[in-house]
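So the protein lines, in turn, are chains A and B.
So the first sequence is numbered by our numbering: it starts at 26 and just counts up by one.
So the second sequence is numbered by our numbering: it starts at 903 and just counts up by one.
It should be emphasised that the hints constitute simulated quantities derived from the structure, not laboratory data.
You may find that some hints are simply not true.
Said to hold, decoys possible - In silico DMTMM-like pairs for lysine to aspartate or glutamate, Cα to Cα no more than 25 Å straight-line:
| id | chain 1 | residue 1 | chain 2 | residue 2 |
| --- | --- | --- | --- | --- |
| 1 | B | K1185 | B | E1165 |
| 2 | A | K153 | B | E1165 |
| 3 | B | K1025 | A | E269 |
| 4 | B | K1205 | B | D1186 |
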Amino acid sequence: MADIYWQPVNNPKGSGGHGHGRMAKAFQLMGLKGSTDTSVFYIHSDLESSDLSLHGDAVHLKSTGKNNYHALVARQQQDDIHRLAIRYIYNNGRPVNTSPSELLALNLGGLQIIPSPLPREHWKYKSKSLYRFQVTFEGKPLAEHGLLATTRFGSNEILHTDQSGFIELVIPEDFPEIIPLKRATPPGEIQLFSSYSSEGQVYEASLTAAYHPSDSSWKSVSLGALVVLIGLIFGFYINRKLPEHNRRKAK
Amino acid sequence: MMWLKNLTVVRRFVQLFMFVFLVYGSVVVGFYAADKISGALPSLSCAYDSMNADYCALIPLQHQMHHRLGPAVDSGDMMKLFMPLVTTLVTFLMMFVLLNKAFCGWICPLGFFQEVMQLIGQKLGLRKVDSLSHGAVDKVRPVKWLMLGGLVFGLPALTSLGFLSDEWGDPFCQICPSRIMTTLFTGSDEQLFVDTSTPSYMVLSILGDFLFGLTIAMAMTLRQPFCRICPLLAMHALFRKIGLARLVKKGTSRCDKCGICAEACPMDIRELQTDHNAVEKAKDITLPDCTLCGRCVEFCPDKDVLQIRYLNVPVFSASPQYFKRRKKAQKEWDKVKLIGFNTDKTKVKP
Chain A
26 MADIYWQPVN NPKGSGGHGH GRMAKAFQLM GLKGSTDTSV FYIHSDLESS DLSLHGDAVH
86 LKSTGKNNYH ALVARQQQDD IHRLAIRYIY NNGRPVNTSP SELLALNLGG LQIIPSPLPR
146 EHWKYKSKSL YRFQVTFEGK PLAEHGLLAT TRFGSNEILH TDQSGFIELV IPEDFPEIIP
206 LKRATPPGEI QLFSSYSSEG QVYEASLTAA YHPSDSSWKS VSLGALVVLI GLIFGFYINR
266 KLPEHNRRKA K
Chain B
903 MMWLKNLTVV RRFVQLFMFV FLVYGSVVVG FYAADKISGA LPSLSCAYDS MNADYCALIP
963 LQHQMHHRLG PAVDSGDMMK LFMPLVTTLV TFLMMFVLLN KAFCGWICPL GFFQEVMQLI
1023 GQKLGLRKVD SLSHGAVDKV RPVKWLMLGG LVFGLPALTS LGFLSDEWGD PFCQICPSRI
1083 MTTLFTGSDE QLFVDTSTPS YMVLSILGDF LFGLTIAMAM TLRQPFCRIC PLLAMHALFR
1143 KIGLARLVKK GTSRCDKCGI CAEACPMDIR ELQTDHNAVE KAKDITLPDC TLCGRCVEFC
1203 PDKDVLQIRY LNVPVFSASP QYFKRRKKAQ KEWDKVKLIG FNTDKTKVKP
């Protein structure tokens, strides 16, 4: 795969683009072969856009002061190859009137991999969970099209879109070690790549995001159900003991 | 269309509609937090439900105390805390002014769920306890204030100031039965868990699960068990004087001996019977525990003694004709039993 893609810089414990992010974040554009013809821009949550410059292969993002998802986009054209790398980044700040669905609906031209949907505020991609993505070309869904899903820990899978351009992906639980506590395990990176040829031009697209271990390592649903059952039994016991009382005063 | 003449039936339809809208409404309003119609709804519409249309006011309040108080104290800039807090409270008030405490009796998904459980309990013939004793009611009433002060403001504030570990940042949500109930209704069991990662999370998750089971069981016998201790009831009580909807009473000397209104009240508000009797002018009796469900008005046999008013205009008033019709309908409804589980023949104590 020759695609370019974003990944966080030296941030093994960082949020990777999710969570309470007000601080500056740094991301590295991987797979870059020469920075010529590469443009990088940052689409804010209110759909304003600002140009960024690469320092080597990295960009440093300052807080925009705006809440919600932003899109970090890199576009590169070399001869007849058009490359697009996107990463959606959550920022905290003042509320904006635009929904992330409007950000996702932006047609950036060429081939795009679009989360459907992005995790909501305070939510994040987790292993063992199923997520949907859509592959589009010039804003139109690509049916029965191949997509490669890989992770930082070496898992990979080839998926094919359905008639509406969607793929469903269960993120693998491939962490070398899981610390049984929320936010304690450094996140992994899920990387989605796709390419498409049209009229002699090759389009490549990537989408990356952080993912975290499934809660199932430290949260037990069966134990939860057992405690609910105990609560139920205790409730029925109390019900039998509750004294009745006539609210009306005796005449 | 006889059912349209029965306020409880109308209310149940409104509750059902609001339940479906609040629990599954993301298909209408959108999926993301930014799409929700409000981030501070004055009823328990859970943010953990992935398909909801709205957020309960209690989650932002806890988060603001948890995430803003410590940094505000450290920096000396209290605006960091007050601005978001005021924004949440103003949003809450804007909606609360419109419907006042009717958010509890007409909108809240957990309130409706408990009423449905009560109906199921009744139809299964389980024991029915219509009222708690005065002593029991007096003991239960302060709990909602402790829930509001302790779980919504106190513990998140102590967490933010570094006195408690991070697990105590949103303790009310951790134990709220609505979190488990609404997510189960969307087909997800991810909120029904025991968290073994830390002792604090374990305690909170066990409490939450236990309270959920307890609420289901108790709602089958006793009316609205969780509503009686809900922190939103306390928050509503703080602001009830500014709501446009009110319950008013112009009591007569007969009220003291009647008391059907207090008996009908699912929240055991005995003051409905004892307060504002033999007065010249109708007085506001929207008491802290009132949910504006209107049952007291339905079951008041005297003309205009109890009224629900909106902007001081009567929208539903007690009347002898309605009372007779309603009482008959209730008797017919109570006769319908699917199974007769209850073998307890405890005598009613006067």
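Right, here's what the structure says about each hint:
no.: 1; hint: B:K1185 <-> B:E1165; verdict: holds, 20 Å
no.: 2; hint: A:K153 <-> B:E1165; verdict: violated, 52 Å
no.: 3; hint: B:K1025 <-> A:E269; verdict: holds, 19 Å
no.: 4; hint: B:K1205 <-> B:D1186; verdict: holds, 17 Å
This entry does not satisfy hint 2, going by the numbered hints stated previously; all others are met.
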